[in-house]
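First to last, the sequence lines map onto chains A and B.
Everything in the first sequence is counted per this note's numbering, starting at 1 for the first residue and increasing by one.
Everything in the second sequence is counted per this note's numbering, starting at 1 for the first residue and increasing by one.
Hints in this document: simulated from the structure, not taken from any laboratory.
Be a bit skeptical, because a hint or two may be false.
Said to hold, decoys possible - Mimicking SDA-like on lysine to any residue, the simulated pairs with C-alpha atoms at most 25 angstroms apart in a straight line are: (1) K235(B) x F128(A); (2) K400(B) x S65(A); (3) K235(B) x W164(A); (4) K165(B) x P153(A); (5) K235(B) x H249(A); (6) K235(B) x T212(A); (7) K126(B) x T42(A); (8) K235(B) x T42(A); (9) K126(B) x R44(A); (10) K126(B) x E244(A); (11) K235(B) x I228(A); (12) K205(B) x I43(A); (13) K329(B) x E350(B); (14) K400(B) x W164(A); (15) K52(B) x K316(B); (16) K165(B) x K126(B); (17) K165(B) x W185(B); (18) K400(B) x M143(A); (19) K126(B) x I43(A); (20) K235(B) x I149(A); (21) K316(B) x E158(B); (22) K400(B) x H249(A); (23) K235(B) x K217(A); (24) K400(B) x K126(B); (25) K235(B) x L144(A); (26) K217(A) x I228(A); (27) K173(A) x F80(A); (28) K316(B) x K166(B); (29) K235(B) x I154(A); (30) K235(B) x L145(A); (31) K235(B) x S65(A); (32) K235(B) x R130(A); (33) K235(B) x I43(A); (34) K235(B) x R160(A); (35) K235(B) x M143(A); (36) K329(B) x A46(B); (37) K235(B) x I137(A); (38) K235(B) x F131(A); (39) K400(B) x I137(A); (40) K166(B) x A283(B).
Take a look at the letters that make up each chain.
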Amino acid sequence: MKNVRLLGYIFILPAVIAMILVHIIPMAWGILISFKDLTIRTIRNWQEAPWCGIDNYIKAFNPVSTVGQRFMRSLRNIVFYGFFTISIGFFIALGVALLLNKPFIGRTFVRGVILIPYITPDSVAYNFWRFIFQSRIGILNEMLLRIGIIQEPIMWLVGRNTIWAVIIASIWKGWPLTSLMLLAGLQTIPVELYEAARIDGANAWQCFRYITLSYLKPVIKTIMIMNILWNFHAYNQFVVLFGENVGIHAEVPNTLIMREAFDNYNYGQESALSVILMLLMLTITVVYLYVFRQRAEE
Amino acid sequence: MKKRLVLLTLILTLAVFSIASGTEILFWSMGNAPSALHYEWMEQKAAEFEAKTGIKVVYEEIGWADGPRIMNALITGEGAHVFQLGTTWNPEYAATDGLVEIDIDEFGGADRFFAANLESTTLNGKYYGVPWFAETRVLFYNTQMFEEAGVRPPQTYEQLLDVGKKIIEVHGEGRAIATAGTGAWDLIHNWAIILWAHGGDMLNKTNTEAVFNSAAGVRAMNYWVSLVDTGLASKACAEYNQPQADAAFISGETAMAFMGPWNIADIVHDNPGLPYSVVEPPAGPYGRAAFSGGSNLAIRNNASKAEIKAAKEWVKFLVSDDVLADYTKNLTNMIPANKYALDDPYYNTEIWQTFIKTLGYATAYPPIPEWGKIESIIQTNFGNVLTDYVDGTFSNVTSKGYLDAAAAEVNAVLQGN
Chain A
1 MKNVRLLGYI FILPAVIAMI LVHIIPMAWG ILISFKDLTI RTIRNWQEAP WCGIDNYIKA
61 FNPVSTVGQR FMRSLRNIVF YGFFTISIGF FIALGVALLL NKPFIGRTFV RGVILIPYIT
121 PDSVAYNFWR FIFQSRIGIL NEMLLRIGII QEPIMWLVGR NTIWAVIIAS IWKGWPLTSL
181 MLLAGLQTIP VELYEAARID GANAWQCFRY ITLSYLKPVI KTIMIMNILW NFHAYNQFVV
241 LFGENVGIHA EVPNTLIMRE AFDNYNYGQE SALSVILMLL MLTITVVYLY VFRQRAEE
Chain B
1 MKKRLVLLTL ILTLAVFSIA SGTEILFWSM GNAPSALHYE WMEQKAAEFE AKTGIKVVYE
61 EIGWADGPRI MNALITGEGA HVFQLGTTWN PEYAATDGLV EIDIDEFGGA DRFFAANLES
121 TTLNGKYYGV PWFAETRVLF YNTQMFEEAG VRPPQTYEQL LDVGKKIIEV HGEGRAIATA
181 GTGAWDLIHN WAIILWAHGG DMLNKTNTEA VFNSAAGVRA MNYWVSLVDT GLASKACAEY
241 NQPQADAAFI SGETAMAFMG PWNIADIVHD NPGLPYSVVE PPAGPYGRAA FSGGSNLAIR
301 NNASKAEIKA AKEWVKFLVS DDVLADYTKN LTNMIPANKY ALDDPYYNTE IWQTFIKTLG
361 YATAYPPIPE WGKIESIIQT NFGNVLTDYV DGTFSNVTSK GYLDAAAAEV NAVLQGN
């Protein structure tokens, strides 16, 4: 028994070493420099950069400081963005997955085709959307004008519509993977269950509510937790669509962190923001999993 | 005596080359020309240089977003020995203590370079780079559209509004001028020239306090917005990046645009039939003002003595009159920062003389390490002003509010908070 356990440790050792090298050490380093005043002037001799205690953390939460204001605004923006992107994306994905679960000619082909948005690189996909959203020559305004929904072009890439522009583009990019995962879940549901339910007099809604959704719960749990975490990681779509200066309506934590790090060379502040974001995501994940487990036990 | 002097010079030259000879150095520059042509030119010059000195230069093109990569090289000692820095970057990188201090006399002396470009290489009065090429922006105008509207190129900012109104009467709304918007990383350069022409400045004389939120700053900001608001520029300009604004002029869509010398190559390539000319930037109540930009060459100091020596030789070679003139006129369409390279007859055209004259009074941003951060703050708040305009909440008060907010932030940066 002892030998088996030792063998187990030996087998996981390379993975543990790799984790320590690529995850734990950089993370610890990030946490360490979040307590330092590490800037362009001190970066070369980083060991001697002055300690600043929790100043960087205080600034992040101080509503009077510029960083504090931006960080709070960025959190509000990402929650707003996430709420609509995840929820709308999920319902589209579920609808398509249910359709694709029905037999029809060319189903396999369609399943492949729907993945195109997901497999398109971010830089290509969001650049494509940038063209669509151009106010003067963009195809979206052109269509809306022709249909008569709008009388003059909407500015999508500047101003308060920016957040809706990025939500639309992100939904388009993200739903296919969710759909594919839901479809995989749907295919594990035994057909006999539906047949039995129908014999017992269940209608379509009851079948969906009590069989489909019940069986999909574990998949939905995974999808949701992944989407929430990815949502907080969002960066590419914002920068490709709006450039580095994303504007107040579309500033999210990662655009702010990148700016602090690579425009302002304020590495200490940037690390503090990253640590806060990491803790926030960790908290959300733990609470979400806890609540889900409680419900499952009930 | 003379023989001894010649002998001594020969020995010294040989000593320099023998230290550096056989050394290999890495050179990073941005894509100042189409990549394939750029590589071809660099490799050809590197071969010439190696034949002359025995020093091998490996060239690698990097992007303008690769600042962190350069920073990484300065910290770790892994990466290019010589690299291109934008003029506004030089003091910032010098502040890391990672650049070789330059004795400008070794590179031909201070008089050899445009004053503003040379100033951009300094930090606390010391040189940390060698000016490579310069750029400034002038007013390009479409001669045919001007003729059809019966107007002449504007000499003042007020005239630009009048001329613009006549142009849109003839050619339609939004077609007088193309301006950059929130998508432009260099938006600040467009505002700076109007600010200076209205008597304003970025920082006070000692570079310790922001002064750009003065009445001149607000006027300059409102002027830029008014170009869109009065219909001289398309409302879509609020979202443009600089290449989009440039493209609107180059395609013949608009009658004017503030553009740089590199755009001449774009015109030749994209729309060679475009009837255009250039004039100096219009004058404000305090005269004409222009932005001095361009790039410098800097050397990393955490390298061996031989590598630093070799790097200096390569920089000397690149800024030498003939090599630089060849690089700018045949490849990049920039202006050589070495004034002697301008003796080339190629620059004796009206267009180039306008650029050179403008560069003569162009202003560089303050050479302080915090400039990158300051530029980012101003840029963000300029973007906020345009965002307000698009959202319909723009006014003199909001414009002043954003400039004050930017000034407060810049002051905190200058005070080290």
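Non-conforming hints, listed in increasing numerical order: 6, 8, 10, 11, 12, 14, 16, 17, 18, 21, 23, 24, 28, 31, 33, 39
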